[in-house]
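K.L.:
Sequence:
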Amino acid sequence: MSSVEDLGRLLRQLRRRHARARGTAELTYREIAAGTGWSHGIVGEYLSGRVLPPTDRFDTLVRLFGATPAEQGALATARDRVEEARRPAIRRAVPRQLPPQAYPFVGRAAAWEALDATLADPRPVVVAGTAGVGKTALAVRWAYSVADRFPDGQLYVDLRGYDAGAPVPPADALAAFLRACGVRPEEIPADAGERAARWRTELADRRVLVLLDNACAADQVRPLLPGGAHCRVVVTSRDDLPGLVARDGARRVPLDVLSEEEAVALLRSLVDERLTRHDAAELAACCARLPLALRVAAARADRPLAALVAGFRAGSGLDLLDPGDPRAAVRTVFSWSRARLSPAAARLFGLVGLHPGTSFDVYAAAALGDLTVAGAHTALAELAGAHLVEPGFTLHDLLRAYAAETAPPEEVRPALTRLFDHYTATAVHAARTLFPHDPPVPWTATENERPLGVRDDARQWCDEQRANLVAAARYAARHGWPRHSVALSRALWRVFEVGGHLQEALAVHGAAAGVAPQDAEVLTNLGGAHGWLGDLAQARALYERALGAGGGARTTGRLALVCERQGRYAEAADHMTAALALHRADGDRYGEAGQLLNLGTVHRRRGRYAEAAAHHHRAAELFAALGEVRLEGYALGNLGAVESLLGEHDAALAHLTRALEQCEAAGDRAGVGSALTTLGTVHTRRGAYAEALELLRRGLSVSRETADRSLETETLNGLGEVLLATGRYAEAVDAHREALGWAERTGDRFEGARAAEGLGSAYAGLGDRTRAAGWWSAGLAGYAGLGVPEADRVRALLSGSAGGRAEEEAG
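Using our numbering, the first residue of the sequence shown is number 933, and each one after it goes up by one.
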């Protein structure tokens, strides 16, 4: 059973067998239709093998044709296989997030065996033990050993449960996991509960290993537990997490310090096989047999280590240790390494421990230490040699906490101020490089700032430092640097929007709004993040608050876009006209061109094609004069869309082809997607269906890549229309239903009405006139409520449908 045609043939065979068994003629299409309530046309489509019946209808048919219960189950499976074969292949993201393994690795046989036992049990497992005992090393190494049992991926997050800063909120971890699993940023719910539900849905039929490192509480872990029986979760924590054991059935794998034999083996493999067992055992005892402390001590090389052992034999230093407190032992071992540092490196070690993120680069280190970049390089190389920073300039949580303890108290605030100055100044510079026509954020450049001479440099820095920028903005807002938090929001808003980093945008703008609730720019930025996520009501409320706080042209224009998406065209046009006047009064030609572009779109939706064309033409001229090739392409693409509606297809194709070339040259994927979609729609109107289908599918791929909900909805409707034109009605139903779902979630009334119209036409093609009329009526109500000319087209369809039903009934 491999095709819809085969399934139709099987249904016809059942129908004939049923008739022979009863000794009667076969049930006619009209008899089947009368017994089921379906149209006889769609019955014919099912039995001829041209249309795949939905699951419930297929089950009804096989029961009607006398299939036995056993046959019904087998036939249902066959139908599902046909449907699965017809679906386009979905390439799921397969994350491989496990961090590097620790080498060498010794012992832990009992804990390893306990972890192996979890493979047969879906309950989470908690590896619990004191700081530095090797929980992460064990969990990561074991995870690598069983990775092949989880073909859908391995996910990892450091929850930072015991860092000096705030632990990672479960909602943030969920967002990162969902992105890693292939969920587009705009599909990630804003609500934490809904985000957890989406996470469970994504993993319901996957085989994924999830490693939750450094958790501090059951409530931090619980939302991250997948619901599927095929996934496994390993948690590491300094706490036993009794709540997770009691409520969620978690199993605990306690991890103690290494045995003496294991500790000696680790030391001798790290240092030198010639190290005597006695010396190694004594040093292991001084390190409380904690793997982290042993690794740090071993990094001191042969001669200093021997001298250290001799010192312990003589009794010096032993009084500094408390064998009953592993933390004290670790602190002491760290102090051995720190004591051997140069003064500059020791000072920088303490200051980098203050960094609120999980990693840092040499420029951030230079800012913290008030050093030249060359000086920071030298000090960091020394710290890396002493194993006091890890590759990539990261600090283990114990090292970070110890480092922060050693920072001179009088240097803490100045150092963090320099760090936040560095991030803010570089963010302002990057934004200015990427978007030169946006109003600049006033901020003084810092010394030793990372050079960002071209757009690629600026874009790369923003991508590399995005997590640190979010951490800095949050920390600054919470601990007394409100000016930096606000400036980061103002500098990064377009970076986040263009990049589709919606959760990061919410975090940064939300933090800034918390310390500056009356800042119009910050409120506008936060409204933009909610708007991209589809929460138009919240976006509108924030824009209105921003206007009340003194928001100007950009706020007014953003409010206009929300109104346009909600189908409030007259209100949108009023706001756009007001924003246009403000931009002109400020002499802002870039802003003026943008509002002309937006006004043209509103005029096009209201059927005012001549006005729309004039606005788009003028916008294209302004952008060209400014040298803004990317947005000139946008204006030309919109002009082409209007020309196509006027029947001027050749002119439309010329402008759209040029728009596509300009957006491709500028590397603007969203502009490329828009041009492809509009080109496909023009080819549909010309009757060039093969070209239309190819262009629309390319446009759909780009819209999903760029997380542009509005474009995706529009493209799905365009795809449905070309499928209708080629008689592929069942596929058209799928496309328009998906478009309708997006339109309902975002509140896009025009595309929702367009999807309803398309569904009506698709069901009419399938012979189901009752459904067709219902969808057309919904489409008409939507169009009429918007006051757009498409309503007349649907009225004609309904009129024809009523006439057709009357003829059928008379016949």
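For the record, the hints were derived by calculation from the structure and aren't laboratory data.
The beta-carbon is built from N, C-alpha and C at its ideal position, and this holds for glycine as well.
Among these hints, one or two may not hold up.
[Said to hold, decoys possible] Quick list of the computed label-pair ranges, beta carbon to beta carbon: (1) GLY1619 <-> PRO1368: 42 to 48 Å; (2) ARG1562 <-> ASP1518: 17 to 23 Å; (3) GLU1126 <-> ALA1583: 58 to 64 Å; (4) PRO1101 <-> HIS1369: 53 to 59 Å; (5) ARG1139 <-> GLY1659: 27 to 33 Å; (6) GLU963 <-> GLU1596: 56 to 62 Å.
K.L.:
Take the hints in turn and mark each one as holding or not.
P.N.:
Now the hints, each set against the structure:
no.	hint	in the structure
1	GLY1619 <-> PRO1368: 42 to 48 Å	43 Å, holds
2	ARG1562 <-> ASP1518: 17 to 23 Å	22 Å, holds
3	GLU1126 <-> ALA1583: 58 to 64 Å	46 Å, violated
4	PRO1101 <-> HIS1369: 53 to 59 Å	36 Å, violated
5	ARG1139 <-> GLY1659: 27 to 33 Å	41 Å, violated
6	GLU963 <-> GLU1596: 56 to 62 Å	58 Å, holds
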